[in-house]
Amino acid sequence: MMSKKRLSTIVLVFVASVIAYLFLLPFIFMVFTSFKELEDSLTATSLFPKRWTLQNYVELFQNTSSSPVTRWLGNTILVTVTGTALRLTVSTTAAYALSRLDVPGKKLIVGGLVWGMAIPEIVTLFPLFYIFKQIGMINTYWPLILPSGSGVMVIYYIYTFLQDFPMELEEAAYLDGASIMKILRYIVLPSIRPVLVTQGFITFLGLYNNFLWSSLVVNQTKMQTVTLGLATLTLGENDNRPGLMMAATAVAVLPVLLVFLFANKYIVRGFTRSGIK
Amino acid sequence: MKVKKSTAFAFVVPFLVFFAAFWVIPFVYGLYISLHKYSFAVGRQEFVGLKNYARILVGDSIHKEAFYLGMGNTIKFVICTVPVLVLGSLALALIVNELPESVKRYYRAIYFASYSVSVTAVASTFVWLMKGTGGYLNNLMIKLGLISAPIYWLEKEPFVWITLTVATIWWTVGYNMMLYISALNEIDEQMYEAARVDGGGYWKTLIYITLPNIKSTFYFILMTTVIASFNVYGQTRLITQGGPGEATKSVIMVINSTILTNNNLGIGTAMAIVMGAVILMCTLGQNWLTRERENL
Numbered sequence: 001m002m003s004k005k006r007l008s009t010i011v012l013v014f015v016a017s018v019i020a021y022l023f024l025l026p027f028i029f030m031v032f033t034s035f036k037e038l039e040d041s042l043t044a045t046s047l048f049p050k051r052w053t054l055q056n057y058v059e060l061f062q063n064t065s066s067s068p069v070t071r072w073l074g075n076t077i078l079v080t081v082t083g084t085a086l087r088l089t090v091s092t093t094a095a096y097a098l099s100r101l102d103v104p105g106k107k108l109i110v111g112g113l114v115w116g117m118a119i120p121e122i123v124t125l126f127p128l129f130y131i132f133k134q135i136g137m138i139n140t141y142w143p144l145i146l147p148s149g150s151g152v153m154v155i156y157y158i159y160t161f162l163q164d165f166p167m168e169l170e171e172a173a174y175l176d177g178a179s180i181m182k183i184l185r186y187i188v189l190p191s192i193r194p195v196l197v198t199q200g201f202i203t204f205l206g207l208y209n210n211f212l213w214s215s216l217v218v219n220q221t222k223m224q225t226v227t228l229g230l231a232t233l234t235l236g237e238n239d240n241r242p243g244l245m246m247a248a249t250a251v252a253v254l255p256v257l258l259v260f261l262f263a264n265k266y267i268v269r270g271f272t273r274s275g276i277k
Numbered sequence: 001m002k003v004k005k006s007t008a009f010a011f012v013v014p015f016l017v018f019f020a021a022f023w024v025i026p027f028v029y030g031l032y033i034s035l036h037k038y039s040f041a042v043g044r045q046e047f048v049g050l051k052n053y054a055r056i057l058v059g060d061s062i063h064k065e066a067f068y069l070g071m072g073n074t075i076k077f078v079i080c081t082v083p084v085l086v087l088g089s090l091a092l093a094l095i096v097n098e099l100p101e102s103v104k105r106y107y108r109a110i111y112f113a114s115y116s117v118s119v120t121a122v123a124s125t126f127v128w129l130m131k132g133t134g135g136y137l138n139n140l141m142i143k144l145g146l147i148s149a150p151i152y153w154l155e156k157e158p159f160v161w162i163t164l165t166v167a168t169i170w171w172t173v174g175y176n177m178m179l180y181i182s183a184l185n186e187i188d189e190q191m192y193e194a195a196r197v198d199g200g201g202y203w204k205t206l207i208y209i210t211l212p213n214i215k216s217t218f219y220f221i222l223m224t225t226v227i228a229s230f231n232v233y234g235q236t237r238l239i240t241q242g243g244p245g246e247a248t249k250s251v252i253m254v255i256n257s258t259i260l261t262n263n264n265l266g267i268g269t270a271m272a273i274v275m276g277a278v279i280l281m282c283t284l285g286q287n288w289l290t291r292e293r294e295n296l
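For the record, the sequence lines run as chains A and B. Taking this note's numbering, the leading residue of the first sequence gets 1, the next gets one more, and so forth. Taking this note's numbering, the leading residue of the second sequence gets 1, the next gets one more, and so forth.
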């Protein structure tokens, strides 16, 4: 009996490992190919480079007219950090007020939020793009950052979390004369931190990886994010340079994978907590 | 807590400003645009009522042809990807859940990691894995003697569909798996103990306890996956560039080129609204299905 259980565990781990290898394969291919010489990268039947070279990375970072990678990374950091901060701030205050305070027109606002979640993004995407074009904000940071403030899901998650969260502590602080801002800062914020971390990561990921929207509102190379710049390279004339392309891909993927590894624990927790309602 | 209504409202104002500017106004403006002959370059021309909708849905026009082509291709993509994304992710979740506690989280992280990269990274990697000439897979298969001539994974049908499907699965199946895992963990442990006492094996327990208990998660994942696949853009834009010919041009690609290449904002916006309506019906369908279940 015991040995049968053991055997099935071994089979299971084996199967899981084969699948894991398939999942890792594109990453392995990406990293190794980025260190290959041109000839090797086009004809190779081995993942491993024949001769290791840094040439692809050197070229990628030197060719600042077609691939201004450091500028792209800078743009990306600016857009993701401000966009995420904007969404979390705006959503936290709104969700707190809707959950705890007597907001006039609450029903109307909540109704609007529900429609905001139900109506697909594709409906508002192109008109919004046209508005930005009309007011001359194409190729600026604004259209990449500002729409982030209108995200509805974060409000929903914080609101649901607060509904299940006891408010005695807040009441007590209020009776002791603490201001709403103080209560928000010292009592509410620490308790909703797990939600903020998960939702912050998801917002960050959305901004970092956004392709369709940013391809509409940005077309100058120097204003692009890493994700968009990589698309330009993929569609551009580097068509026959796998090594260079994989070097660019590795640079684009590394920051987000690092954040993923760092936040993995919290994300898993966020998944269990938010659940599906 | 008794605070002034104006103070309470002030907390909501920043969000409302953003929501109005970047959601309500574009939404209403989009409806307005779709009722007009509207050029992307020149602007509004004349009121045409529902004619834009009529031209993309019925009759005989290049716009209708383009829209139906995009819809057809997108539906093909939905059919290719959804079954694997919904059932494959369930299989992964079940495997992860049975793994020994000590290694579980590593496998879970590996399956989920590719979800964090951008579609542009997915595309550039799969282009060079699968490319007809110079691609790794073809080089490898030729060397192993599995094929004698390269397969055109990015250039010919039906192979393009395989490539798009594989790339999409690699990219997103981990997310669905995470949702399943969290649902599996919420099943009451006592049910399993009862089953163990009754002597039910793994498969019996799976069919009679596990699966019925994650039914609403299943519907949720099914609908969100259909919607996500319906929204396909990056993969077809970057991996196959809509080709061969226009065989993999998705609806969003059609809308994009209607507005940017053909300069027709009115028609393009109407297409987006029709597509939005289809997606909205999927969402409502999912709500309805889960509600049905809870009533039983």
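By construction, these hints were calculated from the structure, which means they are not laboratory data. Values in this document were obtained by computation on a predicted structure and should not be read as measured data. Even for Gly, the Cβ is constructed at its ideal location relative to N, Cα and C. Check each hint, because a few of them may be wrong.
Chain B stretches covered by chain A per the calculated footprint, using a threshold of three residues with CB under 8 Å from any CB of chain A [said to hold, decoys possible]:
no.	stretch
1	46 to 55
2	268 to 279
Below, in silico cross-link-like pairs of lysine-lysine (DSBU-like), each with a Cα-Cα straight-line distance of 35 Å or less [as the list claims (entries may be wrong)]:
no.	chain 1	residue 1	chain 2	residue 2
3	A	K133	B	K204
4	B	K215	A	K5
5	B	K143	A	K133
6	A	K265	B	K156
7	B	K156	B	K143
8	B	K156	B	K76
9	B	K76	B	K51
10	B	K215	A	K4
11	B	K204	A	K106
12	B	K4	B	K37
13	B	K215	B	K204
14	B	K4	B	K104
15	A	K50	B	K156
16	A	K5	B	K4
17	B	K104	A	K133
18	B	K156	A	K182
19	A	K107	B	K4
20	B	K37	B	K5
21	B	K215	A	K50
22	A	K265	A	K4
23	A	K4	B	K204
24	A	K107	B	K76
25	A	K106	A	K50
26	A	K4	B	K51
27	A	K182	A	K265
28	B	K215	A	K106
29	B	K76	A	K133
30	B	K215	B	K104
31	B	K76	B	K143
32	B	K143	A	K107
With beta-carbon atoms standing in for the labels, derived distance ranges [claimed, not checked]:
no.	chain 1	residue 1	chain 2	residue 2	range
33	B	G132	A	V114	15 to 25 Å
34	A	L24	B	S39	42 to 52 Å
35	B	C282	A	M137	31 to 41 Å
36	A	M137	B	K37	19 to 29 Å
37	A	T70	B	G200	54 to 64 Å
38	A	L261	B	G243	35 to 45 Å
39	B	A194	A	V15	20 to 30 Å
40	A	P194	B	G243	27 to 37 Å
Now the hints, each set against the structure:
For the stretch 46 to 55 of chain B, the stated coverage by chain A is violated: 0 residues have a C-beta nearer than 8 Å to a C-beta of that chain, whereas at least 3 were required. Coverage of the stretch 268 to 279 of chain B by chain A holds in this model, with 7 residues showing a Cβ closer than 8 Å to a Cβ of that chain against a need of three. Restraint check for K133(A) and K204(B): the C-alpha separation of about 59 Å exceeds 35 Å, so the hint is violated. Using a Cα cut-off of 35 Å, the hinted pair K215(B) and K5(A) holds, with the two alpha carbons roughly 28 Å apart.
Distance check on the hinted pair: K143(B) and K133(A) sit about 52 Å apart at the alpha-carbon level, beyond 35 Å; violated. A threshold of 35 Å between alpha carbons decides the hint, and for K265(A) with K156(B) the separation of about 42 Å lies outside it, so the pair is violated. For the hint pairing K156(B) with K143(B), the CA-to-CA distance comes to about 22 Å; that is within 35 Å, so the pair holds. The straight-line distance between the Cα atoms of K156(B) and K76(B) is roughly 15 Å, inside the 35 Å bound, and the hint therefore holds.
A threshold of 35 Å between alpha carbons decides the hint, and for K76(B) with K51(B) the separation of about 28 Å falls inside it, so the pair holds. Only pairs whose Cα atoms come within 35 Å are accepted, and K215(B) paired with K4(A) is accepted, the gap being roughly 31 Å. Restraint check for K204(B) and K106(A): not satisfied, since their Cα atoms lie roughly 49 Å apart, outside the 35 Å limit. Of the supplied pair hints, the one linking K4(B) and K37(B) is violated, its CA atoms being roughly 48 Å apart against a limit of 35 Å.
Restraint check: the Cα-Cα separation between K215(B) and K204(B) comes to about 16 Å, which is no more than 35 Å; the hinted pair holds. With a C-alpha separation of about 51 Å, the suggested pair K4(B) and K104(B) falls outside the 35 Å cut-off, and the hint is violated. Between K50(A) and K156(B), the direct Cα distance comes to roughly 31 Å. Compliance with the 35 Å bound is thereby established for this hinted pair. Among the hinted pairs, K5(A) with K4(B) is inconsistent with the structure: their alpha-carbon atoms are about 65 Å apart, more than 35 Å.
With a CA separation close to 49 Å, the supplied pair K104(B) and K133(A) exceeds the 35 Å bound. About 63 Å separates the Cα atoms of K156(B) and K182(A), which puts this hinted pair outside 35 Å; it is violated. As the CA atoms of K107(A) and K4(B) are separated by approximately 18 Å, the hinted pair is consistent with the 35 Å bound. Distance check on the hinted pair: K37(B) and K5(B) sit about 45 Å apart at the alpha-carbon level, beyond 35 Å; violated.
Using a Cα cut-off of 35 Å, the hinted pair K215(B) and K50(A) is violated, with the two alpha carbons roughly 51 Å apart. With a CA separation close to 33 Å, the supplied pair K265(A) and K4(A) stays within the 35 Å bound. With a C-alpha separation of about 18 Å, the suggested pairing of K4(A) with K204(B) holds against the 35 Å cut-off. The suggested pairing of K107(A) with K76(B) is violated, with an alpha-carbon distance near 41 Å, which exceeds 35 Å.
Restraint check: the Cα-Cα separation between K106(A) and K50(A) comes to about 65 Å, which exceeds 35 Å; the hinted pair is violated. A distance of roughly 69 Å separates the Cα atoms of K4(A) and K51(B); the hinted pair therefore is violated under the 35 Å criterion. As the CA atoms of K182(A) and K265(A) are separated by approximately 29 Å, the hinted pair is consistent with the 35 Å bound. For the hint linking K215(B) to K106(A), the alpha-carbon distance of about 33 Å falls within 35 Å, and the restraint holds.
Distance restraint check for K76(B) and K133(A): the Cα-Cα separation of roughly 34 Å lies within the 35 Å cut-off, and the hinted pair is therefore satisfied. Restraint check for K215(B) and K104(B): satisfied, since their Cα atoms lie roughly 24 Å apart, inside the 35 Å limit. Simply put, K76(B) and K143(B) have alpha-carbon atoms about 33 Å apart, close enough for the 35 Å limit, and the pair holds. For the given pair, K143(B) sits about 66 Å from K107(A) by alpha-carbon distance, which is inconsistent with the 35 Å threshold.
Checked against the hint of 15 to 25 Å, the C-beta distance between G132(B) and V114(A) comes to roughly 48 Å, which is inconsistent with it. Judged by the Cβ atoms, the range 42 to 52 Å given for L24(A) and S39(B) holds: they are separated by roughly 49 Å. In this structure the hint that C282(B) and M137(A) lie 31 to 41 Å apart at CB holds, the actual value being about 33 Å. Between M137(A) and K37(B) the CB atoms are about 25 Å apart, so this pair conforms to the stated range of 19 to 29 Å.
A beta carbon spacing of about 60 Å between T70(A) and G200(B) agrees with the range 54 to 64 Å that was offered as a hint. Against the hinted window of 35 to 45 Å, the Cβ-Cβ separation of L261(A) and G243(B) comes to about 36 Å, which satisfies the hint. A194(B) and V15(A) have their C-beta atoms about 29 Å apart, which keeps the hinted 20 to 30 Å range intact. Range check, P194(A) to G243(B): Cβ separation about 45 Å, and the 27 to 37 Å hint is violated.
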